[in-house]
Amino acid sequence: MKARVTVTLKTSVLDPQGKAIEGSLRSLGFDGVESVRQGKVFDLEVAGEDKAKAEADIKAMCEKLLANTVIESYRVEIAG
Amino acid sequence: MIANQIPITPELVAQHGLKPDEYQRILDLIGREPTLTELGIFSAMWNEHCSYKSSRIHLKGLPTKAPWVIQGPGENAGVIDIGDGMAVVFKMESHNHPSFIEPYQGAATGCGGILRDVFTMGARPIAALNALRFGDPKHPRTRHLISGVVAGIGHYGNAFGVPTVGGQFGFHTRYDGNILVNAMAVGICRSDQIFYAAATGVGNPIVYLGSKTGRDGIHGATMASAEFDEGSEEKRPTVQVGDPFAEKLLLEACLELMASGSVIAIQDMGAAGLTCSAVEMGAKGDLGVELDLDSVPTREAAMSAYEMMLSESQERMLMVLDPAREEDAKAIFTKWGLDFAIVGYTTNDLKFRVKHGGEEMAVLPIKELGDEAPLYDRPWVPTPKAPVIAASDVPAPASLGKALLTLLGSPDLCSKRWVFEQYDHLILGNTVQRPGGDAAVVRIEDGPKGLAITCDVTPRYCENDPIEGGKQAVAEAWRNITAVGGRPLAITDNLNFGNPERPEIMGQFVGCLKGISEACVALDFPIVSGNVSLYNETQGRGILPTPTIGGVGVVDDVAKSATLAFKDAGEPIILIGETTGWLGASTYRAVIHQREDGAPPPVDLETERRNGNFVRGLIAHGKATAVHDLSDGGLAIALAEMAISGKIGALISALPEGIPAHAALFGEDQARYVLTTDDPEKVLSDAAAAGVPALCIGSTGGNALTLPDGESIPVSDLEHAHESWLPAYMSGALDVSEN
Amino acid sequence: MKSAVILFPGSNRERDAARALKAATGRESEIIWHGETALPDGTDIVVLPGGFSYGDYLRCGAIAARSPVMEAVRAHANRGGLVLGICNGFQILVESGLLPGALLRNSHLKFVCRMQHLKVERVGTPFTRDYRQGQVVEVAVAHGDGNYLADPETLARIEGEGLVAFRYCDASGNHLEGSPNGSMNAIAGVYSEKLNVLGMMPHPENLIDPLVGGTDGLGLFTSIAGGARAA
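Residue numbers (UniProt numbering), protein chains in the order written: chain A, 1 to 80; chain B, 1 to 739; chain C, 1 to 231.
Calculated from the structure, these hints are not laboratory results.
Nothing here was measured: the structure is a model prediction, and the numbers come from that model.
It cannot be assumed that every hint is accurate.
[Said to hold, decoys possible] With a Cα cut of at most 25 Å, we get these calculated SDA-like pairs of lysine to any residue: (1) B:567 / B:695; (2) A:59 / C:214; (3) B:647 / C:57; (4) C:110 / A:20; (5) A:51 / A:20; (6) A:10 / C:97; (7) B:416 / B:695; (8) B:330 / C:124; (9) B:351 / B:5; (10) B:416 / C:57; (11) C:110 / A:36; (12) B:335 / C:214; (13) A:64 / A:75.
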C-alpha cells in the first residue's frame, strides 16, 4: 500500500525558505501569490492491507522521526 | 538495456566526441569494430580530459622535480616532503562546465572530487581553496551563478569538515558563457604512508567502495541512448549530485582501511568513473584487469555495461586489496555503512575485460588504452607583443583618494567576506591566518609548523602577454607565501583556456606554459600536480587565458608568521622593491579608464627571488610587524587593506621619485612588498647590503590614510568602500546596469 | 575528569572537541561510536560534537537523536551527569528532547562562519564557573541552522528560570537582534532545568589557543574540568 506523508512548518513558525520562494514568485510576475510555505514529502510503501493500522503506524513514524512536532505538523494520505 | 553489439555508425562515433581519424586509430589498434561498450571506453579514455591529447606534448617539459618532491604529476595528487616525517598532498582541479550548467551541484562535486584525490593518497585533508571566475556583474546569469557556486562549495566543504581558507574570486565579461571553478585541496600524511594507484600482484581482488552507481553524468551517451531506447525519461543522463556525508564516511573508512595495512593500490573514480580508474590501476601496474559488472552496486534498475562503465556517480573508489585482509576490510566498510563489493581481479594478460550478465562486453589492450591515445601537436601562433604604455600616457584622476575608494569597491578588489563567511574556515582549529590575507596559514597538528597556501593568476596579464602572465602567476604565488613568512615549496596548476584547435588559443597555452616553466625553475618551485581545462569557449569567444597556480609553502613556526594588518601607531612603513609606475594592463586603468590593453609589468625572476628572500629573512628575525605583497591595484590598495585590517591609519609622506603620483600609488610593478617595522635603520641598511631597493614612505597612526598630496581618507570610509559592494550586489540592492 | 565524545556518522568537530577537553583536563577523551549502548564507566561529561550527523538530511540532528547511544546519554543526563552539545550537538539535544525549543534554518538562509561575541548570561553552572557574569567572549560560529525558536510559554519559562546560557551580542555586550541567525531573544545556548545539560551553537572548542584566534572558549572547558575535580 502506498502512503504519502507531508511535513510542513507549523503556521506559527516563520518559514524563511517559504518567504524567499514567495518573493521570488512575485518578482517573476506571479502577483496572485498570497503566501508560500514549503515542506517535505515522504512517499512510503508499506506491507499489509489494513488501512487503519497503516495509518496508525505512519502517524507513529511521524511522531517519532519524520516530523519534529515542536515546529512541524504533518499529514498522512493513504492511496486507494 | 542498451544492446552491446550494434553497428558503429559515423554518427555514433561523432556523438562520442571521436574524430574519424581517431576512430580509425581504434580500428587499427584492435583489428575489428568495437562493441558499444568498447566505443564508450575509448571515448572516455581518449577525450581531452583524460588523455590530455592537445596539451600532453607541452606538459612534458615542465619542471616537476626537486629534492623535496616525493610524487610529481601523474598520480591522484602531488606529494612533497616537509620534514619531520610528514608529507603534504595537494592538487587543484577544474569543474567549470558542470558548474555553469548547475552551479550548486557542479561546484559541490568539484570540491568532492579534489578532496577524494587527496585522501586517496592516504592524506587527511586539512585545507581547501577555490579559484572562481565569473562573468560581468551586469550579465543576467552572474548573480545566480555566484550564489549557486558559493553555496555548493560551502555545502560540500562544511559538511565534509575541511576548512575552506582562501582562493581567488574575480569577474570578467569573457567568463560570461564559461565560468571557472577551480578547487584545490591540501592534505597531510606520514611520508612513509603514501598510497598509489598502481596495482601489484596477479589475482588480487579489485574492490568497489563508496556510493552506488547511477546514470549520473554519462556524456557521450546523451543522444546515442535516446536512439536505442526512445521515450525513456529515466535513462536520461543527469547532473552529478554530491553527497558530502557519503564522502566523509568514505574518508574515515579509507584512512582506517589504509592504517590496517590491507590496501595495495587505490584510485578515485572521478571523470569517466570505473573505466578510467580500473584502466589506470592496471596499466600503471603492468597488469590486466577483469571486471564483472554484475557485482557493481547500482542505484538504478537495468543499467547496461555501457552505462556502468561511463557513469560519473560521485563518492566512489576502487582498491586493490591484500586478499588475506579481505574480511577486515569488509568489516571497516560495513561499520561505516558503505557499499563494498569485489568487482574484479588483476590478471597477467594485460587485457581490460568487462563482463556483464555472463557476456564479455569489452576486451581491450589495457596499456594501449592510455599509451596509444591520440597526441596532437596543434598548430599555434605566438600572441603579438602588446605595446608598453608609459605612465605619463595614462591620465591621472581628479582625486587620488576618490580613485582609491573606487578601486577598493570595484568587483575584483572588494572584500570577499560575503563569500568566505559562507565557508567554514575555522573547523579543525588550526587556521592561523584566515581568508583575506596574502596566503592562508594552517598549522599542522599542534605545530609549530604550518602550511602557507595561496591561489594566484592575473588573467588580463596572460591575455596581453602569455609568457609574462605565466611567470607572474607563479611569482605572485611565491610572493604571497613569502609575505606570510613561508618557504615556497611547490605548486599545482589548473590551466584554463579556450579552444585549442584555434592557433591563437594554443599560442596562449604554449606562452603561459613557457612563462610558468621559467618561473618555476628560477624560483625552485616545481609543479607536482595539475589539471588542464580546454574548450572554455562559447560562440567562438574564449575565456581569458587563466592558468591558476596553487602554491604551497612551509612556515617553520606559525607563531612567527606575518600578517598584513597594521599593528601599532607610529611604525615606519617601508616599500620594498623597485617602482616604475607600471600602469599597462593595470587594475587602475581597467576600472578608472575601462581599458585593459598594454604590456603587463615584466617579471624579473632574479629580483623576485632576491627581494622575497630578504623579506622572508626579516619576518624570520622578527623585524617586520606587518607585511603585504603588492599586486592588483598596487601600493595604494595594499596600504588601504593594511589600514582596514588593523583599524589604524597611516601618513604617506614620500613616494618613489620621478614618477607621477597616480602611477606610484596604483602601478603594478612586480617583486614588491610593503611592510612596517620597529627597526627601520636596520631594515634599510640590511636592504642596501642585500641590493634590495627599500624606501621609507611614511608611518602608521591616526584613523585616516593620508596621501602625499594631503588628501586624507578615514579608515572607516576605506572599510565601507571595501565591504559594501559584494553584499549589495548579491542582495540585488545594487543596480549594476547603471555602473 | 573523564570525558566521552560521541562520534556519529557525519560528525566533523569531534577532534576539535577532544582537543579542547585535553587542553583543559590534561586527559584524552574517549571517542564513542554512535552504535554503542553504554558510556564508559565513570564518564563525567559527554560531548556531542559539531558536524552534519547523517548528512543532516531529514532535519539537523534528527536521526542522530534516535541512535542507540542517545539512550545512554539520556540516562547519564537523568543521573545528573554533564552533557554538552555544540552546534550539531545542540541540534541533537533539542531533537532528543533533552533541551527545549528547536533550531531552524538561519533567517538569512546562508551558512555563516565568522567570529562572534557572546554574553555569558549565567555563571556558577558547571560550564561557566571560570567566566564572569555578563562577560563578553569572542568565539566562532559556523552553522546553517542555528535559528533558535521556542513557543511563547517555553520561551517565558527559559527566560524566567534563567536557563539562557549565552546570547549573541556585539563587542560591547549589546544583544543582537536577527544576527547572526535570527534566534529568538538572541539565544546562543540554553541549559536544561537542572543546569547539567548545555546546548550551544557557537564553537568554544575552536578558541583555545592564542595563535588561532584567542582563548575565549577555553573557560568553558576549564570550568568543566574544575567542576569535575571539585566533585
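Verification of the supplied hints:
1. This hinted pair checks out: residue 567 (chain B) and residue 695 (chain B) have alpha carbons roughly 20 Å apart, not beyond 25 Å.
2. Taking the CA atoms of residue 59 (chain A) and residue 214 (chain C), the gap is near 49 Å; set against the 25 Å cutoff, the hint is violated.
3. Our distance criterion of 25 Å between C-alpha atoms is broken by residue 647 (chain B) and residue 57 (chain C), whose separation comes to about 42 Å.
4. This hinted pair checks out: residue 110 (chain C) and residue 20 (chain A) have alpha carbons roughly 12 Å apart, not beyond 25 Å.
5. Restraint check for residue 51 (chain A) and residue 20 (chain A): not satisfied, since their Cα atoms lie roughly 38 Å apart, outside the 25 Å limit.
6. Between residue 10 (chain A) and residue 97 (chain C), the direct Cα distance comes to roughly 18 Å. Compliance with the 25 Å bound is thereby established for this hinted pair.
7. A threshold of 25 Å between alpha carbons decides the hint, and for residue 416 (chain B) with residue 695 (chain B) the separation of about 31 Å lies outside it, so the pair is violated.
8. Our distance criterion of 25 Å between C-alpha atoms is broken by residue 330 (chain B) and residue 124 (chain C), whose separation comes to about 49 Å.
9. Between residue 351 (chain B) and residue 5 (chain B) the alpha-carbon distance is near 20 Å, which keeps this suggested pair within the 25 Å criterion.
10. Restraint check: the Cα-Cα separation between residue 416 (chain B) and residue 57 (chain C) comes to about 29 Å, which exceeds 25 Å; the hinted pair is violated.
11. For a cut-off of 25 Å, the pair hint linking residue 110 (chain C) to residue 36 (chain A) stands: about 19 Å separates their Cα positions.
12. Restraint check for residue 335 (chain B) and residue 214 (chain C): the C-alpha separation of about 37 Å exceeds 25 Å, so the hint is violated.
13. A C-alpha spacing of about 14 Å is found between residue 64 (chain A) and residue 75 (chain A), which places the hinted pair at or below 25 Å, so the restraint holds.
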